[in-house]
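Protein chains: 2
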Amino acid sequence: MITLSVDAMGGDEGLTVTAPAVARFLQNQADVRLIMVGDSAQIQAALAKENVPMERVEIVHASEVVGMDESPQHALKNKKDSSMRVAIQQVKEGKAQAAVSAGNTGALMATARFVLKTLAGIERPAIAKFMPAAKGHQTLVLDLGANVDCTPEQLLQFAVMGGQLVRALQPENANPKIGLLNIGTEDIKGTETVKQTFTLLRESNLNFIGNVEANTIFDTEADVIVADGFTGNVVLKTVEGTIRFAGGMIKQEFTRNVFTKLSALAALPVLKSFKRRLDPRRYNGAIFLGLHGVVVKSHGGTDKIGFMYALEEAYHEAQADSIAKIEQGIAAQLNKSE
Amino acid sequence: MITLSVDAMGGDEGLTVTAPAVARFLQNQADVRLIMVGDSAQIQAALAKENVPMERVEIVHASEVVGMDESPQHALKNKKDSSMRVAIQQVKEGKAQAAVSAGNTGALMATARFVLKTLAGIERPAIAKFMPAAKGHQTLVLDLGANVDCTPEQLLQFAVMGGQLVRALQPENANPKIGLLNIGTEDIKGTETVKQTFTLLRESNLNFIGNVEANTIFDTEADVIVADGFTGNVVLKTVEGTIRFAGGMIKQEFTRNVFTKLSALAALPVLKSFKRRLDPRRYNGAIFLGLHGVVVKSHGGTDKIGFMYALEEAYHEAQADSIAKIEQGIAAQLNKSE
Numbered sequence: 001m002i003t004l005s006v007d008a009m010g011g012d013e014g015l016t017v018t019a020p021a022v023a024r025f026l027q028n029q030a031d032v033r034l035i036m037v038g039d040s041a042q043i044q045a046a047l048a049k050e051n052v053p054m055e056r057v058e059i060v061h062a063s064e065v066v067g068m069d070e071s072p073q074h075a076l077k078n079k080k081d082s083s084m085r086v087a088i089q090q091v092k093e094g095k096a097q098a099a100v101s102a103g104n105t106g107a108l109m110a111t112a113r114f115v116l117k118t119l120a121g122i123e124r125p126a127i128a129k130f131m132p133a134a135k136g137h138q139t140l141v142l143d144l145g146a147n148v149d150c151t152p153e154q155l156l157q158f159a160v161m162g163g164q165l166v167r168a169l170q171p172e173n174a175n176p177k178i179g180l181l182n183i184g185t186e187d188i189k190g191t192e193t194v195k196q197t198f199t200l201l202r203e204s205n206l207n208f209i210g211n212v213e214a215n216t217i218f219d220t221e222a223d224v225i226v227a228d229g230f231t232g233n234v235v236l237k238t239v240e241g242t243i244r245f246a247g248g249m250i251k252q253e254f255t256r257n258v259f260t261k262l263s264a265l266a267a268l269p270v271l272k273s274f275k276r277r278l279d280p281r282r283y284n285g286a287i288f289l290g291l292h293g294v295v296v297k298s299h300g301g302t303d304k305i306g307f308m309y310a311l312e313e314a315y316h317e318a319q320a321d322s323i324a325k326i327e328q329g330i331a332a333q334l335n336k337s338e
Numbered sequence: 001m002i003t004l005s006v007d008a009m010g011g012d013e014g015l016t017v018t019a020p021a022v023a024r025f026l027q028n029q030a031d032v033r034l035i036m037v038g039d040s041a042q043i044q045a046a047l048a049k050e051n052v053p054m055e056r057v058e059i060v061h062a063s064e065v066v067g068m069d070e071s072p073q074h075a076l077k078n079k080k081d082s083s084m085r086v087a088i089q090q091v092k093e094g095k096a097q098a099a100v101s102a103g104n105t106g107a108l109m110a111t112a113r114f115v116l117k118t119l120a121g122i123e124r125p126a127i128a129k130f131m132p133a134a135k136g137h138q139t140l141v142l143d144l145g146a147n148v149d150c151t152p153e154q155l156l157q158f159a160v161m162g163g164q165l166v167r168a169l170q171p172e173n174a175n176p177k178i179g180l181l182n183i184g185t186e187d188i189k190g191t192e193t194v195k196q197t198f199t200l201l202r203e204s205n206l207n208f209i210g211n212v213e214a215n216t217i218f219d220t221e222a223d224v225i226v227a228d229g230f231t232g233n234v235v236l237k238t239v240e241g242t243i244r245f246a247g248g249m250i251k252q253e254f255t256r257n258v259f260t261k262l263s264a265l266a267a268l269p270v271l272k273s274f275k276r277r278l279d280p281r282r283y284n285g286a287i288f289l290g291l292h293g294v295v296v297k298s299h300g301g302t303d304k305i306g307f308m309y310a311l312e313e314a315y316h317e318a319q320a321d322s323i324a325k326i327e328q329g330i331a332a333q334l335n336k337s338e
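The listed protein sequences correspond, in order, to chains A and B.
Numbering (the UniProt record's numbering) for the first sequence: 1 to 338.
Numbering (the UniProt record's numbering) for the second sequence: 1 to 338.
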């Protein structure tokens, strides 16, 4: 049985999204228990409206909610009984194997670091996400914004953690391929930091396959792509903007006149399937890596489908016992270089 | 009459691409003359196969060609009679208003800097490109890879040059909106360099509209987006990769079975129009900004259509007398801060 703790109040819509998502998730997964953290009366009321197997739900009261624009410092100092913090506390106390929140990223990361502490050998936790890819292959990209200025050593740590997470989730993949996001494939490309990281990765015992250019992120053979949080975040958002742009253009073309509208009718099943495959909700759920516990961050503005995918992500990680494997990886691959 | 000089030998395919592109371009534009630079016998032979108004073509012989993988240093030192260098020389000597080359970016930039020299007040030239955007609006993004590590002062210089280029090309747009590529809209976001650049831009007399996130590059109101060359290049390549990925997925969905193939037939005109609008060849032609002369870089692997668009880009810039306007802008907007 897997137990996840859920920040029931987090995100733009709070329980309006988390309650139906939780209901659906519990229907899908039989071997899971949830600890719903937040205002207990509100949670009770919201769950009563859904078809929820209450024998697998525990409600833990928390009297505060971290605002979506609240600063990490303010949340840490003044919201000691926030739903976010108490949800993470459940992981710390061993009552849950993973916590999920749609709360604000900065506060969630700060709280997770404060409560769970960073793994030995890791200077800074990172945010990671699997990107959709052609041929069913998925590539984990990190960091996606936790650390804007990174040292080469930190980027190496990201590579180690990313590789171990892939190993944990894909046991058949014993030696994940690590790529370094760069603006060319030659060794000499990139900023000073990126060049030094290239050297560190080449000297490591990771399966380093060299530089990966951003135009190949959807068809690279790399299992992990390492970048600083500024660049990683830019990649993620550029993908999001480009897909929205291309989708809008398809729509524009199909609604241009009566003939194109007729052809859209004919193409409807295909267009729907296309839209479904690129649906950002299916890729919701970013993983905080480098902590003594699993924390998954849902997009703050997602709906119940998106939040359900974030719960799925946490479930798979908890099942894979990823933290233990990451700790082993750090011991094997980083300590020797210290 | 506008005169452009063309590195006839540059690019993966050399004259196979440049000769037919030149023929088509001359047919489209009546008020243009071309100086074709390279092996004169080969140029003569290649142009003879095309329908070219030879009275508007001058051939200037150059005995060498810079290789696509040749280092900038090697090209500068050993290829003093290269088609690339002699083409740029035409601009230096006032014989042409702009040079176009599909040769390798590093060598082209180094040669352009060496021959044309950098404008006073500009430390480093940048590479700029207009991105397609919704509603017919176009956004100039720079730097796209000339300078991987940038200071805040250099980023401010890019903003000034970009703004002046937009003013030159769009005379009705007297005060172009400048955005700073960042990972959030709040002032406090970004790397140290980006934060300092934010302050410089806010204190400048540019029309600075604040941070722009990468998910809005296709629908931002910004006329210019400023980034360091590493980030800018990553954005450009992420867009390229994402469009290819989405296009491949549409194709996959439409060829899934006999029904989807039939609907593809019905949707064919729409799909073609969609494909045409996102055709990267239509956006070929990156502008080198910050030199005493216009140099446009075509993608090395493009075809005749793509190379023709690079010629069009150079033509519009030469028409707009962009260099003079950029020099004025530097005098008005940068010198005061020195």
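Hints listed in this document are in silico derivations from the structure and should not be mistaken for laboratory results.
Values in this document were obtained by computation on a predicted structure and should not be read as measured data.
Be aware that one or more of the hints could be misleading.
Each pair may be met inside one copy or between any two copies, as identical chains are not told apart.
Derived pair list, reagent style DSS-like, types lysine-lysine, alpha-carbon separation capped at 27 Å [stated by the list, open to error]: (1) K251 - K261; (2) K177 - K129; (3) K77 - K189; (4) K80 - K189; (5) K272 - K304.
Tested hints:
1. K251 - K261: both (10 Å within a copy, 19 Å between copies)
2. K177 - K129: Within. Shortest intra-copy distance 16 Å satisfies the 27 Å Cα cut-off; inter-copy 33 Å does not.
3. K77 - K189: Classified as between; 21 Å across copies, 43 Å inside a copy.
4. K80 - K189: Only across copies: K80 and K189 sit 25 Å apart there, 46 Å inside one copy, limit 27 Å.
5. K272 - K304: Within one copy, since 19 Å is at most 27 Å while 36 Å is not.
When the structure is compared with the earlier hints, no violation turns up for any of them.
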